[in-house]
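Trainee: Letter by letter, the chains look like this.
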Amino acid sequence: MSLPAAWIAHVPIARGITGAVILLVGTFLAVTLARLVERWCIERYDARRARILRRVVHYSVMVLVILIALNELGVGIGVLLGAAGILSLGLGFASQTALSNIISGLFLLGEHSFNMGDFIQVGSLTGEVLAIDLLSVKLRTYDNLYVRVPNETLIKGEITNLTRLPIRRVDLSIGVAYDADLNAVRDALLGLARQSTLCLEEPAPTVVFSNFGASTVNLLFSVWIRRQNYSLVMNELASGVIREFGKRGIDLPYPQQTIHFASTDPLRIEKEIPGARIHSESEP
Amino acid sequence: MSDWWENPYGVALGDALTLQVGELDFVAERLPSEWNFFWNYRMGGVTQPRIDRKTAGSAEWAHWSSCRYPFRDPPGSLAFMPQLADRPLVTKPVMPLLVPPAESLTLWISSPLWCRLEVRTEDRSIPLDLDLPVLRFSETWFGPDTLNGDLAYASTTRARMNPYLTRDEWIDFRIQTPVIIHNEEAQVIRVERLNLPLPACGLYLAQEGLITDTLVWHRAGHGQKASLERIPPVHGRPVAPPRQAGNVSILTRAFTRLFD
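Listed in order, the protein sequences are those of chains A and B. Last residue of the first sequence: 308 in this note's numbering, with the numbers rising by one and none dropped. Last residue of the second sequence: 299 in this note's numbering, with the numbers rising by one and none dropped.
Among the hints, erroneous ones may be present.
Claimed, not checked - In silico negatives: residues of chain B with every beta carbon more than 10 Å from chain A:
(1) D42
(2) I90
(3) P135
(4) G241
As the list claims (entries may be wrong) - If you want the ones that stay clear, here's a sample from chain B, every Cβ over 10 Å from chain A, calculated:
(5) N46
(6) T57
(7) P88
(8) T94
(9) A98
(10) E99
(11) V129
(12) L167
(13) R175
(14) W180
(15) F181
(16) T185
(17) A193
(18) N201
(19) H221
(20) P277
As the list claims (entries may be wrong) - List time: in silico SDA-like cross-link candidates among lysine to any residue, alpha-carbon distance up to 20 Å:
(21) K131(B) to T221(A)
(22) K180(A) to I126(A)
(23) K131(B) to K180(A)
(24) K93(B) to Y48(B)
(25) K131(B) to I126(A)
Since the hints were made in silico from the structure, they are not lab data. Each residue gets a CB set at the ideal place from its N, CA and C atoms; glycine is no exception.
Only chain A is shown next, with the shape it has when bound in the complex:
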């Protein structure tokens, strides 16, 4: 007779039934208690903490219930705990990454850097937070891809929460020709921000000299907006700048190169046209 079969043969039917009842009632209790705790937590804190706390309560009660049921079936808890200790030591070595993720998850929970529904940027990924679990955070990217990011990655790296604050700054780098009147450019840009109902009046929009570029004088045009209006404002400003500069005769130059010749000798220019050959010579 095999070992489990021998053990089952020694378990009285009454104890077996009791063990099964404990398991059933315990499961019901675990689910109910976890839901109650979740509801209590949602009222006081937030959905993210409630979800994690629900799982912790559920699994803890279930472990307890299984131990009691096994004890009822005649399996010694002491032996089980000893075995569990050895097992957890082995598992600990084998599941360092998982444990690291769990601990990172707890740190993230405490830090409160983002919530479900927020848009975050992690490395090259940007997306909406769908779930914050013990091991990972699930994101939905703008192109509707479902991405699982391990908590360890989040705790080690840089997270940008795009939706935490209600307002943000939008910067537009603009290069104008070297002969442009910078005051006129500044007036045109600030006027554009004033006309737009999407740009906030305070903090005030600014136009700041950035640098002397190869072909242009570069300016940084910054406006403050409600974060939800980011795309709208970018499009509105881009078309507005082109329209307004066109109206005022301000050039947005293409890259250009000024070449100085050391020699004062006449420069020979030759242009080749298929079927004909034209020679010209510049004036000295």
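Starting from the known structure of chain A, arrange chain B on it as the hints suggest.
Mentor: Only chain B this time, still in chain A's reference frame:
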């Protein structure tokens, strides 16, 4: 006082009611199983409201912003219910205002009206969630820094000392807020920006026209904290309750910072 708001306008099936008020162009079409609404904002606007009737389905408003409300039997009339703005209004006096010590004054600050639509049958009113301002607002941030503060609408004010607007000042769609300032300090108070917590105020019809609760700002001397009170007008018929009457935190934030 114009009575273009609140009174219902009957609209026949297949007809459209057009309203021009401030910068808002609005059209309501009554069709056999729905009400269709169209709106658009124009630069400049009109100083007096114009109401007209046209045939539904015109291409004139086909490209405007729009929405539909289906009904089994569309109610026969429509009313424009006045409302205050849905966010606080931060207004800058055209000229900086300096309140000398031991002075009290009343400023009248106006803000544009919002219209909430309501369709009506003979025995009941059905409020719709379409709520439009008659003038477009710029937005601004009101707070000590970009982390702490609130989004608000922005405007400028002449900070008048009397409540009466002229017809040129768009009297038919402006709401006035009386702000009483008591300066009991030994220093001059410089009023550069005023934050009016309009969503926390009630709207009333009084002799002066549409007015809100009076905001009384009291700055006691000897370094005591300033206080802000909201007092309903004595002789005023309530027109609309505060939008955010129950939101204590918004009220507290708004009321503790009348000035920047």
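Trainee: Which hints, by number, does the structure contradict?
Mentor: Checked against the structure, the hints that fail are numbers 11, 13, 14, 15, 16, 17, 23, 25, while the rest are satisfied.
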